[in-house]
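Asks: Taking the numbering used here, the leading residue of the sequence shown gets 21, the next gets one more, and so forth.
Calculated directly from the structure, the hints in this document are not laboratory data.
Incorrect hints may have been included.
[Claimed, not checked] Only pairs whose alpha carbons sit at most 20 Å apart, straight line, appear in this in silico PhoX-like list of lysine-lysine:
1. Lys141 to Lys178
2. Lys178 to Lys111
3. Lys178 to Lys137
4. Lys122 to Lys157
5. Lys137 to Lys111
6. Lys412 to Lys392
7. Lys157 to Lys111
8. Lys360 to Lys392
9. Lys592 to Lys559
10. Lys282 to Lys247
11. Lys240 to Lys255
12. Lys310 to Lys282
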Amino acid sequence: MSKIKHSLKRVLLDSIQRCKKLTTFKKIHAQLITSGVVSNDFVVNRVVEFFAKGPNFVDYACDFLSEYDWKVSSFPFNALVSGYAIGDRPKTAFLVYRRIVKDGFLPDMFTFPAVLKSCAKFVGIGEGRQVHGVIIKMGFVCNIYVENSLVHFYSVCKRFGDASRVFDEMLVRDVVSWTGVISGYVRAGLFDEAVGLFLRMDVEPNAATFVSVLVACGRKGYLSVGKGIHGLSFKSAFGVGLEVSNALMDMYVKCGCLPGAKQVFDELAEKDIVSWTSIISGLVQCNCPKEALELFQDMQSSGIEPDGIILTSVLSACARLGALDYGRWVHEHIDRKAIKWDIQIGTAMVDMYAKCGCIEMSMQIFNGMPHKNVLTWNALLNGLAMHGHAYKVLELFEEMVRVGMRPNEVTFLAILTACCHCGLVNEGRQYFNWMKGQQYNLPPRLEHYGCMVDLLCRARLLDEALELTKAMPMSPDVRIMGALLSACKENGNTELPQEILDRFVELDSHDSGVYVLLSNIHAINQRWDDVTRIRRLMKEKGIKKPPGSTVIELDGKAHEFIVGDTRHPQDKRIRLLLKILSDQIFLEEHREHSFFIQSHFCA
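With the hints as extra help, turn the sequences into a complete structure.
Replies: Structural data, given as C-alpha cells:
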C-alpha cells in the first residue's frame, strides 16, 4: 500500500511540475486530497513553486496553504512570499503576506526579508513601515538579517534618515549592512556620503562594496581613492573579479586616467560585454576614437556580439573621425541584427551622419524617431552648425521650442556656433541675451563667451569683443585670447591693452599656436624684449609646436598621417603617388601659362 502511495505521490509531483493552468491544478488538488498526500512537505513545496511561478492566483494559493499547519514548518509560507517578491509581482508578495498573517500565520526571521524586498521593489514606503512596526513588536529588531533588510528597504526608497537610524542602532554590523547604506547613497547620487562611509568601514568589504564605492569615485573624480581601492582589492580574500575589474575600468575612465583603465583591461583573463563597453566608451570619451574602433574590431574577433550600448559608443567614435563607411556598417548591423532602436542609438546615429556631412540622412533619421530628447535635438543642431547651415539651425530651434522641448546650454552653444560660422552678429547677440534672460535663465559658460568673442572678432568688432571679455564672470581661456590676438593681427591693430596681454601670459596653457601669434604681434611692434620673454616662457613650460596630422578613412579603416612620419606601411607608394600628382599639377599650370602667353602675343 505504501509503495502505491509513494508511486502516486511521484506521479502527482510530476503533474504539478508540468502544470500550466489553474483549472488543471484544481483537478490535481482533488487527487492530492483523496490520496492523503496533500500535507506532505515535498508536495506542498512543489505546489508553492507552481503558484510562485504561475499566474496571479493569490486567493487560491492562500486557501491551499490554510490547510497546512504553519507550526510544523513556515517554509511553504515564506517560499510563496519570496517567490512573488523575486519575480515581477512584488505587490502580490505583500498581499500574500497580509493574507496569511490574517489567517493566523506568525512571520519569522525568513518572512520579513522577503516582504521588505517586495516593498522596496514597488517603493511601498507605507507598507514597509507597517512591516517595520511588526518587526519591533515581535522582537526581531536585533536580528542582523532583518536589520539588513530594513537598511536595504529604506535605502532603495531614498529614506536615508531612516536607513541611517536603523544602521546606527545595529549592535552588530556585517559587510551587508555597510554595503546596503553605501549602495543606497550611490543610487541617490550622494557620492561623497558613500565614499565617506566606505572609509569608516570596520569590516572587510566585499565585491559589491567595491563596485558601489568605485562608482562614487568615478562620478566625483576621486582618482586617488579609486587607486587605493584598486590596491585594496588585490589584498581581499576574493581577489579582483570581473565585476570589480569592470567597475575599476569605469572609474579610471571617468577620472580621465586612460592608462589605468587599459592596464585593468589588459590584465583581465576573461572579458565580457561590460568589459569591452567600458574600455571602448572610455577611449571615445578620452578622445581616442581611432583606438576605440580598433579595439571594437578585436572584440568582434573574440566572438562577443555587440549590443546597442557599445554600438552607441562606436557611432560616437565614427562621428569624431568622420568615418562614414564604418558608421554605415554599424547602421546596417543594427538593422540586420534587429537591435532595438532606442533614443540613445537614434541620437548617436543622427550625430554620426550629421558630423560626417550626410545632413539629409541625419534629418531623415531624426524625423523618423518617434521619441526625441534634448540630446537628439542638440545632435542635429550641432551637425548643422558645424557645416554652416545657420538658418536651418535657427529654424529648427524655433520648432524645438514650439513642440515643448526646453533647450539647454548645449543647444545655445550650437546656435552661437552656427551664428559664428556664418557671421550672423545680430542673431548671435539676440540668442546670447535670450539665454541669459528670464525666459531660459541659463548662465553662459566659458564656451558661450568664446563663441560670442569669436563672432565679434570675425565681424571686426574688436572693441565690443574686448568689453565682453572684461565683463566675463570667469577668466578667459586661451581660445578667447587667441581669437582676440588673431583679430588684432588681421585688422592691423597690433596695439592690445596691456591688461589683456598680461592676462594672457598668466594663463596656464600649453597651446603653442597662440604663443607664436602673440610673439609675432610683439615682433611687428618691434617689442623684442617681449618676444624674448614669450619664447623663454614657452621653453620654461616645455611648449613645442605639435606636428600637423590628418585622418582619412579607407575601406572602413582610419589612417592617421603625421608630418615627417614615415612609418606607414604604404609610405613609399603614397609618396610616389604624391610626386605624380605634383608633376601633373606643375605640367597643367605650365600649359595654362603657355596658353596665356600665346594668347597675349596673338592679341
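Asks: Please list, smallest to largest, the hint numbers that this structure does not respect.
Replies: 7, 9, 11
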